[in-house]
Amino acid sequence: MTTSTTSTTGALDIGSLDHWDELVKVALVGADRHWTLPPATARDPIASALHERLSAEPSAASGQLLRVAGALALARRVAWLPASDVSVPAEVAAPESRRRAPPAWLPLLERVMSIGLLRLQVQVLREMDRAGLHVPSVKLPLLLQMGAGNTALRGEIGAVIGERGRWLAKCNPQWAYAAGVHEQADTQTLWREGTLEQRRQVLLGQRATDPDAARERLNQEWGSLPAKERAALIECLATGLNPADESFLQTQLGKDRSQDVRRIAAELLSDLPGSAYALRMVERLRPLVGETMDAPMQVGEDWQADQLEIKRPAYEKLGDRAWWLFQLVRRTPLSWWEQHTGRSPAQILVWSMQSDWKDALLRAWSQAAVRQRNAAWCEALIELVDQEDLGSPQAMLALLAPAQREQFYERRLADKKYLYSLLGLILAGCPVGQQLSSVFSMKLLPILRTSLAKGNQHDQYALREHLPELMCVLHPDSLRLIDLERSLHEIDALATCLMQCIQVRDCRERLAQLVSPPLEGN
Amino acid sequence: MSPDASSTKAAQGLVVPAKWPALGASDEAVWGECQGSGSKPYQTQVHFVAGVPSFKCSCPSRKFPCKHGLALLLFLARDSSAFTAVEPGWVTEWLSSRRDRAEKKEIKAAEAASAAPPDPAVVLKRQAQRLQRMCAGARELALWLDDLMRQGLATLSSEQEQNWQAMAARMVDAQAARLGQLLTNAMTLVGQGRDWPARLLQRLGSLQLLLDALQRYEQLPASMQAHVRQALGWSYDRDEVLVAGERVTDQWRVLANVVTELENRLTEHRVWLQGTHTQRRALLLDYAHATRPVEMGWAVGQLVGAELAFYPGDQALRALAVGAVTPAGTDDAAEGAADVALAQAFAATCCRDEGQEWMAMAKQCLANPWLMQSPVCFRDVRLMHHEPQNTEAGLGSAAVPEWTLHLSADPGGQVRPSVDLRIVDAHAWQMMALSGGEAFNVFGEWNGERLTPLLAWNAAEYWAATHAPQEQ
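Going down the list, the sequences are from chains V and Z.
Residue numbering for the first sequence follows my numbering, starting at 53 and increasing by one per position.
Residue numbering for the second sequence follows my numbering, starting at 69 and increasing by one per position.
Hint data in this document are derived by calculation from the structure and do not stem from the laboratory.
Hints should not be assumed to be uniformly reliable.
As the list claims (entries may be wrong) - Now the stretches of chain V that chain Z is said to cover, found in silico as 3 or more residues with beta-carbon under 8 Å:
# : stretch
1 : 81-92
2 : 120-129
3 : 189-199
4 : 285-297
5 : 508-520
Said to hold, decoys possible - If you want the ones that stay clear, here's a sample from chain Z, every Cβ over 12 Å from chain V, calculated:
#  : residue
6  : PRO121
7  : ALA196
8  : LEU213
9  : MET235
10 : ALA236
11 : ALA266
12 : GLU286
13 : SER303
14 : VAL327
15 : ALA389
16 : VAL393
17 : ALA430
18 : ARG484
19 : ARG490
20 : LEU502
This structure is a prediction, so every number in the text was calculated from the model and none was measured.
Every residue, glycine too, gets a C-beta built ideally from N, C-alpha and C.
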């Protein structure tokens, strides 16, 4: 604790305050040894007073040391003025371009954050964004901390924190994700000195706006990166993938030492229909596709270089030739099939049903359709995927247009035995931020009502797992049509789940109120 | 109303009709039987007097109000049609006993008001007896301290905790529990941080002065006597304050309303006020044990018309509210503008400059040498954050403080006075968010070493703390 020795009156010289350290030393050693205060100057009233006291009662008397210490400490406290510190001019937050969220939003925000359902949080934040609002500053640390723990919310959080939020994020390294990488200087430093995750974010961000420059940036650093980082960063090229990336990817496919990097390069190249890689695949496949499907008799020499797995895993159901066919087909652009056969995906599928190799084909096409994000093929495949048990249709459902998705669901509605998987599919297929259509929601309601009213333990398990999230996804018109309160009265086992559902419903209705245009000005 | 978040959540889980075999309500009360884990359902009831609820429940929970009481009210709010039962005996019994007690209280108050004041001789005798006991305890403590100082602070280690706990216990016996507490608080400093000897010496020195003052109590001026009493924790009756204390009537702006948790499940409720006309600062201090709810009201930013009675003593800060308190509704502006209006209102209350604040603080310390917390208000400060470092000093104030305030500089200066803060990270980041890198204004408590911010504001918004760390 530093003290200013200049007194407030100026005429006195309170040098005695600096004797404190001496006194502390005496205290450490012990008052048994003789001690005394340094001599006082005439103009120092405190020292004079202390000396007077000590001459009246010697320092060896009981409690003298503490007495003097107490008086001196009090004098120091009274005279205390803050020490000086060099002031570095700080960066100031930019003025807000958005409107501040009216106070009515705050309780909703708190409630939604505490309920903890991602879909609901995303919905509220997106609505806030759409309304052009920014969060009041006292809520910023809470929001930024949530985003620090949960990457899924970061996009939405970044949209509503406003300039103040971005400024705040720069002050705390934990919140750097939100600091915004749009300014040149910031991006450079992050790229040069940031963690792997930060550099990934830089690359991803730049790929959205200027993919070629991003690739160049990666290229320059390429040689100095360790294998794990190369693999992580080359994946970023999936964003904004375009034909100009081909030569870089081809080089890495050929040269890079890491198996992962080569695999990723191959996958990315297969997503570029015009690339040399894709053409090679087509060439390998072309002779096999005729009136009927044929599978390769043997493996070509250049297959391994193109990252095709030649060795069939031990547990694999497919035979060797089927496996090779599978490898070829899954890396071939789906559009080629239509060009080559002149038929639509649905027709091609029908044709493949008669083939000996249909298992390999279906599997390969399913993987390719998801990877290449081909909605048409997904639509054609979706029924078969479920029937032929080719894995979970969830990834495909997410790629379909909402109308087709709901058609798929409707075909499932009759099968009430597996409520759990039905609800799970509905939720998995509906990307975060989207909702079910009004029509489909109405069709779903009777099933929900029945399972609430008469459901057995399996149904209750399904509801407990999925109903709250389902409440986030149902169309707003349907929200009030399930009598949650009555179910709450009747079913003990689902009490917590139903309480949460009621909260979700209330939050969504509150959100709708806040967002709808007000009657008078806000 | 809820004591904590987990109670609220538990209560919400109980708002299920299946759990309540009986529910009823009348004009002044609500009751129900809640099926818990035992065989017999718990009997929960709530009595409303002028809108304020009182709870009673037969469950063994120690929280107040318990989750059953909260659930009952939540249920009532949600669906009052379910409350059909006839008033059972145990409700009538409780309500009538409450009515009796309320009547008796009124009679007693009327008697007290009309009765003669207690015989001053008796009062003085009782006080003298207590003083004697405390002096005896203080003498013992003084000898013990002297012994300690002869050996020197270097011989202390935190393993000797039992020694000073024993001494503190003896102080409790001497009706001077606060002395014991001051001792144990001081002793927790041993070994904490590099400068612990200096800080310990300061505390023990202050304690010695208190012991000295106690021995000469009779010769002290009345004002100093009052401060000694409060420092000793020798509480004043409400009546004593009303008789002896200075009365000030004003429109008071509520600057802070914080709760601190102490040991033994005690909570301390601090409300800081500043008079808009008199510029006086006042502290309302309330204690509650876990079984009694702390008084509500006094929202930060509100303007309240009241007469306060300050506790005796020069430069007294602690006060009581006398009579009714009328919130002045004039600045409850429209929802959107509330924050801005409050921010401007705060600006009006803190109009002293930095030098005057330090001077006021100095005057308070001189009047009351044992003052723990001084209210201070600074304008145009900036919040600084330093990355926490691990120094070899370990814990304690010797470590580089993480948060500091830079006070307003001399014009043209690059150097600003710097004040260390005592604040939790969550609050500090909220203040940082509020500031946006620019200057803002702060009100808080200064303990001689660090500032505990309780309120921060700028032109557009404000932040108020709800909890304060325990003073050490």
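Results of checking the hints against the structure:
no., hint, result
1, 81-92, "holds (count 4)"
2, 120-129, "holds (count 8)"
3, 189-199, "holds (count 4)"
4, 285-297, "violated (count 0)"
5, 508-520, "violated (count 0)"
6, PRO121, "22 Å, holds"
7, ALA196, "24 Å, holds"
8, LEU213, "6 Å, violated"
9, MET235, "15 Å, holds"
10, ALA236, "17 Å, holds"
11, ALA266, "5 Å, violated"
12, GLU286, "19 Å, holds"
13, SER303, "24 Å, holds"
14, VAL327, "19 Å, holds"
15, ALA389, "29 Å, holds"
16, VAL393, "25 Å, holds"
17, ALA430, "4 Å, violated"
18, ARG484, "4 Å, violated"
19, ARG490, "14 Å, holds"
20, LEU502, "5 Å, violated"
In the structure shown, a violation is registered for the earlier hints numbered 4, 5, 8, 11, 17, 18 and 20, in ascending order.
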